[in-house]
Amino acid sequence: MTFGYKFAGAAALAVTMTTGAAQADVLFWSTQAKPVEEAQAMREQVLGNFQDKVDYQPNDGGPWLTRLQAELQAGTGTIGVLGALHGDFSAMNADDLVDLSDIGVMSASDTFNELAKLGTDSAQYIPWMQASYIMAANKKALEHLPEGADIDALTYEQLIAWAANVHEATGEAKFGFPAGPKGLKHRFFQGYLYPSYTDGVVRTFASDAAVTAWEDFKKLWAHTNPASTNFSFLQEQLLNEDVWIAFDHTSRLAQAFNERPDDFVAFPAPAGPTGRGFMPVIAGVGIPKTAPDMDAAKALVAHMLKPETQLATLRATNFFPVVDVELPGDLPPAVQAAGGAVAKMSGSADANPGLLPAGLGAKGGEFNRVFVDTFERIVLANQDIRTVLDDQKGALEAIMNETGAPCWAPDAPSEGACPVE
Amino acid sequence: MNARYLPYLLILPVTLFLCLFFLYPFILVAQQAFYADGGWSLKNFQDVTSHWKFPISFRNTMLLAAAVVPVQLALALLMATMVTRMQKGRDLILYVWTIPLGISDLAAGIIWLAIFEQSGFLNSMMSGLGVVDRPVNFLSYQHPGIVFLAIALAEIWRATAIMLVILVAGIGLIPKEYYEAAEVFGASPWKRFTRITLPLLRPSLQTALVLRVILAFEIFAVVAALGGTLFPVLMGETYAYQFDLLNGGAAAAMALIILAISIAFTLIIMRALRVPKGATI
Amino acid sequence: MNAETRSSGRFLYTASVVLLCAWVIVPLYLLLINTLSSPETVNSFPKPFWPEFDLGSLSFFAGFEGMLTALKNSILVAAMTMVMSIAIGAPAGYALSRFDFPGKGLFRLLILLTRAFPLPLLALPLAVMFIRTGLDDTVFGLALVHTTLAIPFSVLITFSLFSGIPIELEEAAWTLGCTRLTAFTKVVLPLILPGITASAIFAFVISWNEVFAAAVLTIENRTLTAFLLQNLDTSPLHLKFAGGFILVVPALIFIFAVRKYLFAMWGIANR
Chain A
1 MTFGYKFAGA AALAVTMTTG AAQADVLFWS TQAKPVEEAQ AMREQVLGNF QDKVDYQPND
61 GGPWLTRLQA ELQAGTGTIG VLGALHGDFS AMNADDLVDL SDIGVMSASD TFNELAKLGT
121 DSAQYIPWMQ ASYIMAANKK ALEHLPEGAD IDALTYEQLI AWAANVHEAT GEAKFGFPAG
181 PKGLKHRFFQ GYLYPSYTDG VVRTFASDAA VTAWEDFKKL WAHTNPASTN FSFLQEQLLN
241 EDVWIAFDHT SRLAQAFNER PDDFVAFPAP AGPTGRGFMP VIAGVGIPKT APDMDAAKAL
301 VAHMLKPETQ LATLRATNFF PVVDVELPGD LPPAVQAAGG AVAKMSGSAD ANPGLLPAGL
361 GAKGGEFNRV FVDTFERIVL ANQDIRTVLD DQKGALEAIM NETGAPCWAP DAPSEGACPV
421 E
Chain B
1 MNARYLPYLL ILPVTLFLCL FFLYPFILVA QQAFYADGGW SLKNFQDVTS HWKFPISFRN
61 TMLLAAAVVP VQLALALLMA TMVTRMQKGR DLILYVWTIP LGISDLAAGI IWLAIFEQSG
121 FLNSMMSGLG VVDRPVNFLS YQHPGIVFLA IALAEIWRAT AIMLVILVAG IGLIPKEYYE
181 AAEVFGASPW KRFTRITLPL LRPSLQTALV LRVILAFEIF AVVAALGGTL FPVLMGETYA
241 YQFDLLNGGA AAAMALIILA ISIAFTLIIM RALRVPKGAT I
Chain C
1 MNAETRSSGR FLYTASVVLL CAWVIVPLYL LLINTLSSPE TVNSFPKPFW PEFDLGSLSF
61 FAGFEGMLTA LKNSILVAAM TMVMSIAIGA PAGYALSRFD FPGKGLFRLL ILLTRAFPLP
121 LLALPLAVMF IRTGLDDTVF GLALVHTTLA IPFSVLITFS LFSGIPIELE EAAWTLGCTR
181 LTAFTKVVLP LILPGITASA IFAFVISWNE VFAAAVLTIE NRTLTAFLLQ NLDTSPLHLK
241 FAGGFILVVP ALIFIFAVRK YLFAMWGIAN R
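Chains as they are written, first to last, in the numbering used here: chain A, 1 to 421; chain B, 1 to 281; chain C, 1 to 271.
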């Protein structure tokens with residue numbers, strides 16, 4: 001029958017294809033540096049001079065996780081090295097990651113190294129690069145700054161006034177907030193708004209100070225570009241000037257500074273009643289237990305931490321080094337701008353740094369969802385703040401009790417699971 | 001060959017194939033939906049249906065299907081009958097109309113976002129014509145109606161061709177003599193359409209509608225591109241459970257709910273457009 | 001009077017055809033403008049309605065390592081999907097239209113169900129199965145998954161077309177000395193070739209545009225879609241459009257190439 005012939009033909013073709021494929025490359029399976037230009041720079045500038053050939057493949061979270069889980073379940077795999085955010089690693093089972101304590105490299109920050117243990121006694125991944133969230137503005141917006149405001153030491157009150165001035169002057173709401181499907185809005189609430197207003201995240205989730213925080217955020221939202229629910233990368237809106245003042249991840253603002261360095265300024269996130277809250281972003285490299293060539297994988301992890309690789313990574317991705325290295329003077333404009341803003345932010349007198357959520361394991365996504373839901377209900381659906389907070393508090397409590405995660409800064413330390421007060 | 005076994009022999013390849021590559025993984029996933037807290041339960045279903053976004057995404061999905069599918073059906077029928085009347089250039093016109101078939105939903109989302117965004121083509125055109133003095137923000141939470149319209153337009157643009165191709169192939173099979181006879185008896189074009197085309201096209205209509213409706217319940221990428229987070233749909237929530245919340249059980253439960261809705265609508269369409277035995281031409 | 005209505009009807013008809021063509025083409029033209037614009041223009045307002053023929057974005061992809069291999073893989077997967085989905089699907093479509101057998105309704109429903117369940121959820125068990133059997137990371141393995149997606153189309157389209165061909169035609173052939181098989185190949189097959197082409201188009205397009213399974217199941221043998229499209233939404237605007245354009249073009253060429261077969265059978269069908 002024809003069907004049989006065709007099937008056999010296709011199968012034979014497939015067999016020739018398989019035998020033709022080489023398996024010697026180290027597969028670097030990553031959720032970072034996804035944009036095509038960054039991926040290309042990773043391949044050419046960061047991984048090009050590694051001893052073996054590296055196949056760098058960045059993916060969306062869905063395929064990334066599905067492939068990884070499949071290899072772990074099957075007990076055999078092709079992935080050599082994993083590159084992902086701290087949150088991605090902490091959602092994994094620590095047994096599935098190879099212990100990297102003996103690899104001989106680590107980051108310069110003890111806090112990061114501790115986070116990378118994922119609650120165990122040994123390094124489950126190695127911190128790879130870091131970033132943060134900052135503010136950026138079109139220089140046209142500067143003339144509308146409220147009187148007496150210092151752009152490097154803004155308060156939330158001044159930011160709202162500024163956004164209002166711009167709104168009034170141009171007739172358009174020109175503050176931009178990454179509330180789109182892939183936007184990182186939850187990090188703003190967890191690492192910026194809550195620490196700045198309540199000096200906590202979990203304990204103070206439904207406090208009176210939190211009500212004030214949301215009230216102020218609603219004031220800011222009144223001057224926020226209403227299409228923000230479509231924005232995931234504010235660099236696009238800065239460039240087309242739909243937005244003049246923006247909050248986003250440093251690498252998601254980079255294109256604006258690199259294309260038109262003279263038109264934009266970067267500056268620290270604003271301060272609230274309890275200080276200037278801000279939060280780092282940490283990406284790490286790890287090795288799944290199914291890696292086909294363990295030695296090559298470990299060598300690649302070590303390669304990623306070399307000072308010169310870290311600098312090349314900085315140029316490729318706009319993520320900063322995690323090891324001690326002197327930054328050269330000829331860095332791209334985006335790196336210089338972001339680096340300056342982050343330094344001012346962490347060096348400010350009222351700095352109130354927050355840590356990344358820890359100990360939540362696979363519940364990290366649900367933890368984020370609590371904040372996103374709260375935002376959507378209060379701001380988009382215009383529901384009563386007190387009611388929503390009391391309602392969402394139950395969901396948060398359930399997550400904390402189920403995981404038993406202790407408090408992290410700026411929340412005061414706790415015995416056992418972090419309580420929602 | 002025994003004619004009694006022939007149909008089974010003919011469906012055997014498909015059955016084996018789908019058992020291996022669909023049914024087996026499907027059963028593994030479906031089990032997850034009914035498994036929670038170390039035992040069999042309906043907890044996953046309760047969890048997903050009691051979430052505050054569920055009724056909204058359910059309503060959005062249904063509204064969108066209700067708005068899009070009838071328009072697509074009408075449009076596809078119109079285009080298909082227009083093509084059959086065409087004397088020359090039929091190939092080319094039909095080719096143009098089937099172009100969107102080749103465009104993925106992700107690409108369609110990118111294209112339509114470029115039209116509707118604040119500094120997009122629609123605003124460029126309107127400000128060029130002097131209709132507006134400054135760009136309008138179409139895709140914002142203040143204009144849920146326009147967001148809905150934009151998504152519906154993009155879907156109609158992208159997915160009408162699926163129905164068109166099926167209907168055109170079906171119309172091609174209707175013998176010309178029927179129309180000639182009808183013309184002899186002085187039937188108007190509209191009468192010919194309702195008395196000949198529609199009844200004889202029933203098998204193709206059924207197929208086109210069923211496929212289109214099922215795909216309409218799975219809409220996701222275009223909605224995410226144009227509606228952002230403003231317009232939650234069932235499939236988007238399913239992916240959020242699976243990949244953001246890492247809750248496979250809840251995702252499977254959502255998917256089974258969508259499946260149940262699809263089955264219900266499929267049965268309704270199949271019943272309404274039943275092809276009566278012995279009535280085939 | 002009659003002539004007048006006829007000519008105004010004629011005008012209405014032509015106008016609608018033109019309008020519908022514009023409706024399809026204009027959005028694609030806008031994609032082309034953005035593809036052929038410099039990054040500054042893509043971000044500017046108001047947008048031009050004429051391309052400036054800046055090839056920067058396109059040439060970026062031309063220099064992308066592995067594009068050609070990925071293109072070859074995409075074509076291979078799509079071709080295999082086409083052949084398999086028709087070879088496996090068409091007999092079932094014929095059976096559904098010609099025979100009444102117990103379990104027919106259930107069978108049809110089961111076929112449809114495969115389209116009503118999202119593939120990304122099934123990808124994990126499928127990937128585990130593929131890794132264990134060695135199908136993982138092969139063009140053939142991915143084609144098997146894409147065939148699963150295309151089969152409902154091929155079964156249902158061929159079913160509805162077979163249903164449209166009177167069984168009397170086949171019966172006549174039998175009385176003239178044809179066997180069931182020769183009656184099928186000589187009488188029925190030519191009639192449904194357009195339908196076969198239609199389902200081939202579906203199979204090709206489905207395979208071409210499928211991202212998720214391709215991203216999970218292929219590593220060395222990536223398809224163009226998995227290679228390009230899945231990271232497109234996080235890329236800068238001008239590359240987003242250029243990448244989208246690169247993906248659209250081969251699908252358009254394919255449909256253009258087979259359009260003749262889709263409608264060349266017209267004369268025969270209108271017997």
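Hints are computed from structural coordinates only; laboratory data are not their basis.
Don't take every hint at face value.
[Said to hold, decoys possible] One-sided and incomplete, this derived list gives chain C residues near chain B with beta-carbon spacing under 8 Å:
1) V24
2) F60
3) F64
4) G66
5) M67
6) L71
7) K72
8) L106
9) L121
10) P125
11) R132
12) T148
13) I157
14) I165
15) G244
16) I255
Glycine is no exception: its CB is placed at the ideal position from the N, C-alpha and C atoms.
Structure-based check of all given hints:
The restraint placing C:V24 at the interface with chain B holds, with a minimum CB-CB distance near 6 Å, inside the 8 Å limit. The beta carbon of C:F60 is not positioned within 8 Å of any beta carbon in chain B (closest approach about 17 Å), and the interface hint is therefore violated. Taking 8 Å as the C-beta contact cut-off toward chain B, the hint placing C:F64 at the interface is violated, the least distance being around 18 Å. About 20 Å separates the beta-carbon of C:G66 from the nearest beta-carbon of chain B, more than 8 Å, and the hint is not met.
Checking C:M67 against chain B: minimum C-beta separation of about 17 Å lies over 8 Å; hint violated. Taking 8 Å as the C-beta contact cut-off toward chain B, the hint placing C:L71 at the interface is violated, the least distance being around 15 Å. With a least beta-carbon distance of about 19 Å to chain B, the hint placing C:K72 at the interface is violated under the 8 Å criterion. For C:L106, the interface hint is violated, the least distance from its beta-carbon to any beta-carbon of chain B being 11 Å, above 8 Å.
At a threshold of 8 Å, the smallest CB-CB gap from C:L121 to chain B is about 5 Å, leaving the interface hint in force. Against a cut-off of 8 Å between C-beta atoms, the interface hint on C:P125 holds, since the closest Cβ of chain B lies about 4 Å away. A least Cβ separation of about 12 Å between C:R132 and chain B goes past the 8 Å threshold, and the interface hint is therefore violated. Look at C:T148: its Cβ gets to within about 4 Å of chain B, closer than 8 Å, so that hint holds up.
Hint status for C:I157 relative to chain B: holds, with the closest Cβ pair at about 6 Å, below 8 Å. Satisfaction of the interface hint for C:I165 is found here, the shortest Cβ-Cβ separation to chain B being roughly 6 Å, below the 8 Å cut-off. Using the Cβ-Cβ criterion of 8 Å, the hint placing C:G244 at the interface with chain B is satisfied: the shortest such distance is roughly 4 Å. Interface restraint check for C:I255: the shortest CB-CB distance to chain B comes to about 5 Å, inside 8 Å, so the restraint holds.
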